[in-house]
Amino acid sequence: MSEKRIEDRFPKTIVLKDGTKVLLKAMTHTDRDSLHQFFARIPEQDRKFLKHDVSKKEVIDSWLKDISYGRVFPLLAEVDGTVVADATLHRRSAGWLKHVGEVRLVVDPAYRRKGLGSHMLEELILAAADVGVEKLVAEIVAEERAAIRAFQRFNFEQVAVLPGIVKDQTGRYQDLVVMVLDVPTAFVPDWFYF
Amino acid sequence: MFKRYPKRARLNDRTQVTLRLMVKKDQQALYEFFQRVSKEDRLFLRDDVSKPATIQSWVEELDYGRILPLLALVDGRVVGDATLHRRVHGWTRHLGKVRLVIDPEYRQKGLGSLLIKELKEIAKGLKLERLVVELMGSQQAALAAFRQLGFERAAVLYHHVKDRAGRPQDLVILIHDLEEVPEPVSF
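Just so you know, the sequences run in chain order A and B. Residue numbers for the first sequence follow this note's numbering, beginning at 1 and rising by one. Residue numbers for the second sequence follow this note's numbering, beginning at 195 and rising by one.
Please keep in mind that the hints were generated in silico from the structure rather than gathered at the bench. Nothing here was measured: the structure is a model prediction, and the numbers come from that model.
Each pair of labels, with its calculated beta carbon distance range:
| no. | chain 1 | residue 1 | chain 2 | residue 2 | range |
| --- | --- | --- | --- | --- | --- |
| 1 | B | Asp371 | A | Gly19 | 49 to 55 Å |
| 2 | B | Ser332 | A | Gly70 | 26 to 32 Å |
| 3 | B | Lys245 | A | Lys17 | 45 to 51 Å |
| 4 | A | His29 | B | Val217 | 33 to 39 Å |
| 5 | B | Asp371 | A | Asp130 | 37 to 43 Å |
| 6 | A | Asp130 | B | Ala247 | 23 to 29 Å |
| 7 | A | Gly132 | B | Ala335 | 29 to 35 Å |
| 8 | B | Lys311 | A | Arg153 | 44 to 50 Å |
| 9 | A | Lys17 | B | Tyr258 | 49 to 55 Å |
| 10 | A | Ala146 | B | Asp371 | 28 to 34 Å |
| 11 | B | Ser332 | A | Asp130 | 27 to 33 Å |
| 12 | B | Ser251 | A | Phe154 | 32 to 38 Å |
In silico DSS-like links for lysine-lysine, alpha-carbon gap of 30 Å or less:
| no. | chain 1 | residue 1 | chain 2 | residue 2 |
| --- | --- | --- | --- | --- |
| 13 | B | Lys318 | B | Lys218 |
| 14 | A | Lys167 | B | Lys311 |
| 15 | A | Lys167 | B | Lys321 |
| 16 | A | Lys114 | A | Lys25 |
| 17 | A | Lys98 | B | Lys291 |
| 18 | A | Lys167 | B | Lys318 |
| 19 | B | Lys218 | A | Lys98 |
| 20 | B | Lys201 | B | Lys219 |
Backbone N, C-alpha and C fix where the C-beta goes; we use that ideal spot for every residue, glycine too.
Given these sequences and hints, build the entire structure.
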């Protein structure tokens with residue numbers, strides 16, 4: 001019996017609401033330059049709410065140094081060879097959070113409100129279910145209302161707010177919202193509930 | 195800043211302990227220490243310390259800039275292990291995460307509070323602003339002890355983690371602001 005791997009669903013092409021064709025693929029070492037360019041296009045206003053300082057090239061390079069999909073699975077969305085979104089699923093190989101995955105998502109401003117973030121989130125949830133992840137966690141700065149709503153649409157529930165716990169890239173303290181999704185083990189059709 | 199170690203201290207029952215940072219050659223002593231921690235207690239630890247490979251990986255990946263492991267020793271035996279985990283980059287760069295394990299025979303002697311006090315001093319020296327502890331909801335004694343040491347409950351995540359027996363447990367997040375002066379209380 002061969003175990004499912006998280007990268008097995010990809011590459012895959014999807015079509016956005018406006019007809020744009022997008023390639024979803026697992027990140028590899030060859031994506032360094034396009035990743036740098038992608039994060040350079042994220043406005044400072046958004047960048048300051050990210051967990052890591054992506055304005056530093058060495059931060060991005062450290063992600064590429066030891067790629068291990070079992071630990072961090074980075075899913076990239078590409079349009080004509082340009083990265084337009086980056087979604088990652090972080091897991092632990094052992095310990096009390098072994099069944100839990102953490103999701104992070106960044107979308108190019110020019111590709112928001114087109115359903116791309118939702119597509120990627122859905123793919124990550126399905127991929128997580130494939131490999132037996134039972135819970136997904138998203139940690140979002142409270143001011144990022146749009147991101148919180150996006151996760152809520154996928155049934156992520158706000159389970160905690162940690163007041164002033166994180167320090168954004170500008171040095172300001174921000175509340176952190178912790179959202180959790182119990183990963184559906186099988187997608188049950190709607191009629192099941194009648 | 196690590197010049198303060200090794201350092202000698204006395205527990206409430208006058209036992210003399212040596213505090214110092216963990217080094218590579220502590221692997222065997224650490225393994226033996228975790229063997230003395232009861233199976234019930236091991237259920238609550240986040241890593242499977244019954245496997246020599248777990249301890250080996252800690253020793254091999256020793257990097258004080260990321261994880262600072264402070265050991266308490268009595269006659270060369272490890273009786274307590276307190277670690278301070280931090281990140282160089284990112285939005286948690288001002289936080290230190292604390293983990294603590296005490297030999298069952300050395301509990302109720304003030305060793306835990308001694309180690310946490312040391313970690314607080316180290317954390318201040320590293321310019322950290324807050325300490326964070328994550329425990330399972332059923333670890334009542336440990337929760338009470340950390341609260342006495344000035345840690346406050348910030349959140350409870352229902353059935354978020356699993357113990358070694360695979361049972362879901364609540365995750366309790368406790369936070370201590372380092373600017374405050376804590377009341378010394380032993381446990």
